[in-house]
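Using this note's numbering, the first residue of the sequence shown is number 1, and each one after it goes up by one.
In case anyone wonders, no lab produced these hints; they're calculated from the structure.
Derived EDC-like pairs: lysine to aspartate or glutamate, alpha-carbon spacing no greater than 16 Å straight-line:
#1 Lys-9 to Asp-39
#2 Lys-9 to Glu-48
#3 Lys-73 to Glu-20
#4 Lys-9 to Asp-45
#5 Lys-87 to Asp-45
#6 Lys-87 to Glu-48
#7 Lys-73 to Asp-28
#8 Lys-73 to Glu-48
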Amino acid sequence: MADNARARKLADLIREVVAEKLQRGIKDPRLGSHVTITDTRVTGDLREATVFYTVYGDDEDRANAAAGLQSAKGVLRSAVGAAAGTKFTPTLSFVPDALPENARTIEDLLDRARASDARAREASSGAAYAAGADPYRKPEDADGGDSDEASSAKGEDSTSG
Numbered sequence: 001m002a003d004n005a006r007a008r009k010l011a012d013l014i015r016e017v018v019a020e021k022l023q024r025g026i027k028d029p030r031l032g033s034h035v036t037i038t039d040t041r042v043t044g045d046l047r048e049a050t051v052f053y054t055v056y057g058d059d060e061d062r063a064n065a066a067a068g069l070q071s072a073k074g075v076l077r078s079a080v081g082a083a084a085g086t087k088f089t090p091t092l093s094f095v096p097d098a099l100p101e102n103a104r105t106i107e108d109l110l111d112r113a114r115a116s117d118a119r120a121r122e123a124s125s126g127a128a129y130a131a132g133a134d135p136y137r138k139p140e141d142a143d144g145g146d147s148d149e150a151s152s153a154k155g156e157d158s159t160s161g
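With the hints as extra help, turn the sequences into a complete structure.
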């Protein structure tokens with residue numbers, strides 16, 4: 001078993017090598033400049049690597065990019081093996097990253113919350129407070145009685161100003 005630091009270093013190296021090879025080394029038109037490598041994870045035994053990617057475009061572009069990555073898997077693994085210099089080059093599997101879909105879902109939820117807040121703000125614009133503008137008791141009205149009775153109960157004379 002390799003330690004986590006070694007697996008992390010190998011994952012970073014794989015991400016860099018695959019991204020560089022996709023940018024400059026592979027001439028497949030399906031992979032173009034709209035494929036982005038977002039993350040790479042390597043198992044603890046350094047035998048398998050999962051490469052996460054995103055594709056800028058529609059569903060057809062995503063399907064074409066997935067097919068292009070599958071066809072270029074051998075070339076990319078050879079490039080990783082040459083750069084890594086390890087005894088065994090990890091097998092590569094490409095997985096579309098769910099990050100853009102998650103971000104889109106969060107944006108939709110935030111838009112619905114903003115619309116709900118706007119409706120609530122609009123509904124409360126002409127409303128009045130149930131207990132008046134200031135529903136809190138004042139210090140002189142704290143006991144609920146007349147202020148003259150309150151001061152005489154404390155032993156103060158209400159007639160001497």
